[in-house]
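2 protein chains.
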Amino acid sequence: MTDVIEREIKVKLSLDPQFLIDRLLQEGYEYVGKEIQEDIYLNGDSRDFRKTDEALRIRLVNDKIELTYKGPKMGSKSKSREEITVSLDDKESMIRILEKLGYRVAQSVRKTRHVLRKGEFNICVDTVEGLGNFLEIEGIDVKEERLLDFFKEFRSKFGINGEIITKSYLELKVEKLAGSSN
Amino acid sequence: MTDVIEREIKVKLSLDPQFLIDRLLQEGYEYVGKEIQEDIYLNGDSRDFRKTDEALRIRLVNDKIELTYKGPKMGSKSKSREEITVSLDDKESMIRILEKLGYRVAQSVRKTRHVLRKGEFNICVDTVEGLGNFLEIEGIDVKEERLLDFFKEFRSKFGINGEIITKSYLELKVEKLAGSSN
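Protein chains in written order, with our numbering: chain L, 15 to 196; chain H, 15 to 196.
Simulated from the structure, these hints should not be mistaken for laboratory data. The reader is advised that the hints may include incorrect statements.
To be verified - Dumping the calculated DSS-like pairs for lysine-lysine here, alpha-carbon to alpha-carbon at most 27 Å: (1) H:78 x H:132; (2) L:114 x H:65; (3) L:114 x L:157; (4) L:84 x H:105; (5) H:114 x L:87; (6) H:157 x L:105; (7) H:65 x H:87; (8) L:48 x L:171; (9) H:84 x L:78; (10) L:78 x H:132; (11) H:65 x L:78; (12) H:78 x L:65; (13) L:105 x L:171; (14) L:114 x H:105; (15) H:132 x H:166.
What the hints assert, rightly or not - To spell it out: a stretch of chain L is covered by chain H in this simulated footprint if at least three of its residues, at any positions, have a beta carbon under 8 Å from a beta carbon of chain H; those stretches are: (16) 99-109; (17) 135-147.
Stated by the list, open to error - Just the calculated beta-carbon pair ranges, DEER-fashion: (18) H:104 x L:184: 22 to 28 Å; (19) L:177 x H:97: 46 to 52 Å; (20) L:162 x H:75: 48 to 54 Å; (21) L:118 x H:64: 41 to 47 Å.
Cβ atoms here follow ideal geometry from the backbone N, Cα and C, with glycine treated the same way.
Isolated chain L (complex conformation):
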């Protein structure tokens, strides 16, 4: 098992995603690939993960299926949390087994992600169903300061105006659903 600390910065994207991707390619960014991701979050009948700060997620990426448990966030400054993942061959059967063990599908988040890379940074251009377009910059084993410097330069070079968002897509979706039902 490899433990990698991932740091990421997320902003809402007001530019057209394809326009940004084209500009990045012109600037020598490497195109890594396109992913169709579906994240299915489960919650316990007798254990509310929103209260325990845990998560149980089935992720479909293209034709791969993964089950991940995320433990509560540890410490106050660090964003690290325990993550355990297995790869599976069958989403429906995994959901049925988890239902038998007392867990139900609570929410799902679907997105299309284009991944580009420059040096130690991944640039993810995401279109999230029901939420719109986002940009995520991930640094792999990079100090926070270095990521912030890179983002500052990136932002001014490519005209990215959105505010930094610290919430996950799941939280944004739940927030939006709560808002629309009021």
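Dock chain H against chain L, hints included.
Using the frame of chain L, we list chain H on its own:
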């Protein structure tokens, strides 16, 4: 998903397993393969599967890993029960995720199984760690009567004397452990 009704007869084997296998091969039985199986059974912290008649099992067969949920036996005469299985890539991670969800490893059963086949019958010659040698005859989609007839003939032809055992290896192991601690 395919639902197959498996009927099986199990007896304790007093013959040497290799001697029986050689005799079966002489009689034209087909050798299908050798399997090293480990079955890891889990039980719930707040849900005792021995009481609910359910089972949660991770099975390792050679280099394959499967997670199976078995529901309570249905009906009184029929031996059918719901079974849901997924294939996995990592036993330890699956156990760790299940532990996070409130399930612990309760018991494991390791066996070496030689599988031979004749027509619609599988002959399994099992060496079970701590329990000894057994013979299991499985009929695939075969009426009970036909299986019993086959077993009767098989028994006299190959000199199988043991009594029919209806308990699972897990039950036999638990029984033996309980006995040895008295």
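Outcome of the hint check:
Between residue 78 (chain H) and residue 132 (chain H) the alpha-carbon distance is near 25 Å, which keeps this suggested pair within the 27 Å criterion. For the proposed pair residue 114 (chain L) and residue 65 (chain H), the alpha carbon gap of about 15 Å is at most 27 Å, so the pair holds. For the suggested pair residue 114 (chain L) and residue 157 (chain L), the alpha carbons sit about 43 Å apart, so the restraint of at most 27 Å is broken. Among the hinted pairs, residue 84 (chain L) with residue 105 (chain H) is consistent with the structure: their alpha-carbon atoms are about 18 Å apart, no more than 27 Å.
This hinted pair checks out: residue 114 (chain H) and residue 87 (chain L) have alpha carbons roughly 15 Å apart, not beyond 27 Å. Proposed proximity of residue 157 (chain H) and residue 105 (chain L) is contradicted: the alpha carbons are some 34 Å apart, above 27 Å. Restraint check for residue 65 (chain H) and residue 87 (chain H): satisfied, since their Cα atoms lie roughly 12 Å apart, inside the 27 Å limit. Pair hint residue 48 (chain L) plus residue 171 (chain L) holds up; C-alpha atoms about 24 Å apart against a cutoff of 27 Å.
A C-alpha spacing of about 25 Å is found between residue 84 (chain H) and residue 78 (chain L), which places the hinted pair at or below 27 Å, so the restraint holds. Proposed proximity of residue 78 (chain L) and residue 132 (chain H) is contradicted: the alpha carbons are some 38 Å apart, above 27 Å. Distance restraint check for residue 65 (chain H) and residue 78 (chain L): the Cα-Cα separation of roughly 36 Å exceeds the 27 Å cut-off, and the hinted pair is therefore not satisfied. In summary, the hint linking residue 78 (chain H) to residue 65 (chain L) is not supported, as the alpha carbons are separated by about 36 Å, beyond the 27 Å threshold.
Pair hint residue 105 (chain L) plus residue 171 (chain L) does not hold up; C-alpha atoms about 42 Å apart against a cutoff of 27 Å. A distance of roughly 20 Å separates the Cα atoms of residue 114 (chain L) and residue 105 (chain H); the hinted pair therefore holds under the 27 Å criterion. Using a Cα cut-off of 27 Å, the hinted pair residue 132 (chain H) and residue 166 (chain H) holds, with the two alpha carbons roughly 15 Å apart. With a cut-off of 8 Å between beta carbons, the region 99-109 of chain L has 8 residues touching chain H; three or more are needed, and the interface restraint holds.
Given as covered by chain H, the region 135-147 of chain L fails the check, having 0 residues with a CB less than 8 Å from a CB of that chain where 3 are the minimum. Evaluation of the 22 to 28 Å hint for residue 104 (chain H) and residue 184 (chain L) yields a pass: the beta carbon distance comes to about 25 Å. The hint said 46 to 52 Å for the Cβ distance between residue 177 (chain L) and residue 97 (chain H), and at roughly 51 Å that hint holds. The hinted range of 48 to 54 Å is satisfied by residue 162 (chain L) and residue 75 (chain H), whose Cβ atoms lie roughly 50 Å apart.
Evaluation of the 41 to 47 Å hint for residue 118 (chain L) and residue 64 (chain H) yields a failure: the beta carbon distance comes to about 25 Å.
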